[in-house]
Each structure stands twice: as C-alpha cells, then as structure tokens.
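> Sequence:
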Amino acid sequence: MSEQFWKGKRVLVTGHTGFKGSWLTMILHAFGAQVFGFSDQVKDGWLFDIAKLQTICDHMIGDINDTEQFAARIAEANPDVVFHLAAQPLVSEGYKFPLQTLETNILGTAKLLDNFKNWPRHIALVIISSDKCYLPRPGAQPFVETDPLGGYDPYSSSKAGCELVVETYNASFFAATSHIGLASARAGNVVGGGDYAENRIIPDIITAAFANEHVTLRAPNAVRPWQHVMEALSGYLLLAEKLYAEPKHYSGAWNFGPREQDMCAVGELVKMCYQKLGQVYQPNITQADFKETDILRLNSDKAINQLGWHPRWTLDETLSNVLKWYRDIANAHEPLKVTRSQIDSYFEIKDGLVE
Numbered sequence: 001m002s003e004q005f006w007k008g009k010r011v012l013v014t015g016h017t018g019f020k021g022s023w024l025t026m027i028l029h030a031f032g033a034q035v036f037g038f039s040d041q042v043k044d045g046w047l048f049d050i051a052k053l054q055t056i057c058d059h060m061i062g063d064i065n066d067t068e069q070f071a072a073r074i075a076e077a078n079p080d081v082v083f084h085l086a087a088q089p090l091v092s093e094g095y096k097f098p099l100q101t102l103e104t105n106i107l108g109t110a111k112l113l114d115n116f117k118n119w120p121r122h123i124a125l126v127i128i129s130s131d132k133c134y135l136p137r138p139g140a141q142p143f144v145e146t147d148p149l150g151g152y153d154p155y156s157s158s159k160a161g162c163e164l165v166v167e168t169y170n171a172s173f174f175a176a177t178s179h180i181g182l183a184s185a186r187a188g189n190v191v192g193g194g195d196y197a198e199n200r201i202i203p204d205i206i207t208a209a210f211a212n213e214h215v216t217l218r219a220p221n222a223v224r225p226w227q228h229v230m231e232a233l234s235g236y237l238l239l240a241e242k243l244y245a246e247p248k249h250y251s252g253a254w255n256f257g258p259r260e261q262d263m264c265a266v267g268e269l270v271k272m273c274y275q276k277l278g279q280v281y282q283p284n285i286t287q288a289d290f291k292e293t294d295i296l297r298l299n300s301d302k303a304i305n306q307l308g309w310h311p312r313w314t315l316d317e318t319l320s321n322v323l324k325w326y327r328d329i330a331n332a333h334e335p336l337k338v339t340r341s342q343i344d345s346y347f348e349i350k351d352g353l354v355e
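Quick note on numbering: the sequence shown equals residues 1 to 355 in full-length UniProt numbering.
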C-alpha cells in the first residue's frame with residue numbers, strides 16, 4: 001500500500017458510521033485522505049460515536065435510496081475513490097426486513113453506480129460485497145470468484161443481486177472507458193474492536209464474558225472465514241490503488257479471506273476467546289430461528305497472486321488484538337487512541353508515516 005497514493009485523495013465512503021466503515025474512515029485519515037461520509041445514522045455507543053469520528057471526516061447523514069440527496073452528496077464529494085459499504089449487513093435482519101434488505105443492497109448499489117455512467121475523470125469504485133453472495137453447496141471447498149452466485153435467504157440473495165448489478169454496470173457502461181474502474185470485494189466474517197451489532201459473535205462473547213456468563217450459540221459447528229477487519233480493509237485499499245492505476249485490468253470480483261488454517265467453527269473461535277480471557281467455555285446452545293449456510297470458506301489466491309495482498313495476522317493474533325481493544329475500552333482508554341494504535345501497528349505507521 002502507498003501512503004503517497006492516498007495523501008490528499010478525495011474518498012467517498014458510504015456506510016462510514018458502521019463498524020467496518022468506522023475503521024476504514026480512521027485508516028484513510030491516517031493515510032492523509034479527505035474522507036466524505038454518507039450514512040443513514042449514527043448509533044449511540046457504536047464506534048463512530050464513541051471515537052467521535054465526525055471530527056476526522058466530512059460527515060453527512062442521508063439515505064442512499066433518496067436518489068436526489070445521494071446524487072448531490074456524490075457531486076459534493078467529487079471523489080477519486082468510492083468505497084460503497086452502505087448496506088443492510090446481517091442475515092438475521094434480512095429475515096425480519098426482506099424488502100428493505102433487497103432495496104438497500106441491490107437498488108442502493110445501482111443508484112450509486114448510475115451516478116458514474118458519465119463520470120469525466122479517473123475514479124476507482126469498490127463495492128463491498130460478502131462471501132454470502134455465493135450459491136450454497138455441499139462440502140467444504142473454498143469459493144472462488146467464478147463460482148455461481150445465489151442465496152436462499154434475503155440477505156444472501158441481496159448480495160448476489162448486488163454482484164449482478166456490478167457486472168451489469170461494468171459490461172454496459174464502464175468496460176468501454178479507460179478511466180473508470182469498478183470492482184466488488186468479497187470478504188469473510190470480519191471481527192475487531194468496536195463491533196456492537198446484535199447477533200454478531202464477538203459482541204455476544206464480550207457481553208457474556210465480561211459479565212462472567214456463558215455465551216449463547218445458535219450454530220457452534222458452522223465454519224466461517226474469520227479475519228480481523230483490517231485484513232479485509234487492507235485488501236480493499238490495495239484493490240482501489242490498483243484499480244485507479246489500471247481500471248481495465250483490475251475491474252471485477254475479488255475474494256479477501258483468511259489463511260486456510262484460520263477458517264474454523266464458531267464454537268472453536270469462542271473457546272479460544274474464553275481461554276484468552278481465563279474463563280471456562282461452557283456455551284448455551286440454542287436452536288436458530290433462521291437458516292444459515294453450514295460451511296463458508298474463501299479462496300483468496302486471485303488477490304494474493306495478482307494484487308500482492310496477503311493476510312498478516314493469524315486467528316490467534318486477531319483474537320488477542322480484538323480482546324485487548326475491548327479490555328482497553330473497559331479500562332477507560334480513549335476509543336480513538338486505542339483504535340489508531342492498532343491501525344499504526346498493523347500498517348506499520350510510525351510518526352505519521354507508513355514504512
């Protein structure tokens with residue numbers, strides 16, 4: 001990654017107030033970019049709120065489904081790079097609000113891309129997708145970018161639909177240009193400090209363990225590609241750099257997942273966390289009230305071989321850093337400083353410079 005590339009770049013981040021968007025905003029700020037955020041809300045007690053990230057970006061609340069408002073924000077930001085994270089991000093919420101999930105994740109992406117059909121200058125558009133976009137299949141073979149898309153629940157199908165929108169706009173409008181790059185980034189299950197969403201494994205562990213209680217699990221044997229949020233974000237950033245420089249070569253779909261040995265069952269991950277916290281692992285098992293894929297694995301060979309990206313932290317290192325973040329916050333350390341310290345460590349930033 002290049003600090004020189006990001007310094008002074010105008011970057012639009014949709015969904016900048018969410019968990020992943022907050023980390024991305026801080027990383028971009030550390031790299032000297034001008035961040036323009038557009039998100040539907042700031043939730044009290046979430047990372048964006050407690051770290052006061054409105055002080056380090058051009059912050060705006062709005063709705064990506066409001067076509068005129070969204071277009072005006074894009075024009076105001078006049079971006080060099082766009083990271084589209086605004087989405088309904090949870091499988092469980094997709095069952096509760098299927099129409100909203102489909103509208104936001106599919107039409108919201110189309111509304112974003114429609115603003116760039118006649119964009120006059122160089123730009124990199126990175127659409128943040130999910131490993132859930134792949135059509136579920138039996139077995140444990142990791143998914144590659146050319147595998148069929150699909151989904152049997154509203155969230156997964158919305159992500160598959162989002163990918164089809166990206167393919168459509170690439171083929172219909174952007175492929176003939178030499179200055180617009182459009183890519184989708186499919187990451188695994190990201191974890192990290194500052195995640196406070198419901199029905200997410202790390203917040204559930206923290207809430208239970210810090211209260212000396214046993215965590216409740218609905219699918220302890222489900223296998224997921226766990227990775228620290230910065231692993232995925234480092235991939236998005238590197239992809240954006242390459243996409244900006246060579247739009248035709250790097251447009252398309254990219255997987256960003258952990259090493260094979262770091263893909264493990266939910267129960268195994270929770271046990272590792274409880275051991276690190278010095279507590280006994282005795283989970284309460286409950287029946288899930290919605291269906292999820294049993295095994296999800298990602299093959300990231302394309303990103304490793306063509307982008308030069310690779311995971312930096314093992315799962316053990318990831319969980320140690322995650323738990324340290326929550327411990328530090330519980331001990332009244334400032335969230336912005338705690339998070340920035342981990343960013344500096346991961347990206348090897350010293351005295352404001354990337355080494």
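Each hint should be verified, as a subset may be incorrect.
With a Cα cut of at most 30 Å, we get these calculated DSSO-like pairs of lysine-lysine [claimed, not checked]:
| no. | residue 1 | residue 2 |
| --- | --- | --- |
| 1 | K96 | K7 |
| 2 | K111 | K9 |
| 3 | K52 | K248 |
| 4 | K302 | K9 |
| 5 | K248 | K7 |
| 6 | K337 | K302 |
| 7 | K9 | K276 |
| 8 | K291 | K43 |
| 9 | K111 | K271 |
The hints are simulated quantities; they were obtained by calculation from the structure and are not laboratory data.
> Please go over all the hints and tell whether each is borne out by the structure.
Against the structure, the hints:
Annotation: proposed proximity of K96 to K7 is violated, straight-line Cα distance about 41 Å (limit 30 Å). Our distance criterion of 30 Å between C-alpha atoms is met by K111 and K9, whose separation comes to about 23 Å. With a C-alpha separation of about 38 Å, the suggested pairing of K52 with K248 is violated against the 30 Å cut-off. With a CA separation close to 26 Å, the supplied pair K302 and K9 stays within the 30 Å bound.
Taking the CA atoms of K248 and K7, the gap is about 24 Å. The hint holds against a cut of 30 Å. Restraint check: the Cα-Cα separation between K337 and K302 comes to about 34 Å, which exceeds 30 Å; the hinted pair is violated. For the hint pairing K9 with K276, the CA-to-CA distance comes to about 40 Å; that exceeds 30 Å, so the pair is violated. With a CA separation close to 27 Å, the supplied pair K291 and K43 stays within the 30 Å bound.
Our distance criterion of 30 Å between C-alpha atoms is broken by K111 and K271, whose separation comes to about 43 Å.
The structure is inconsistent with the numbered hints 1, 3, 6, 7 and 9, although it conforms to all the rest.
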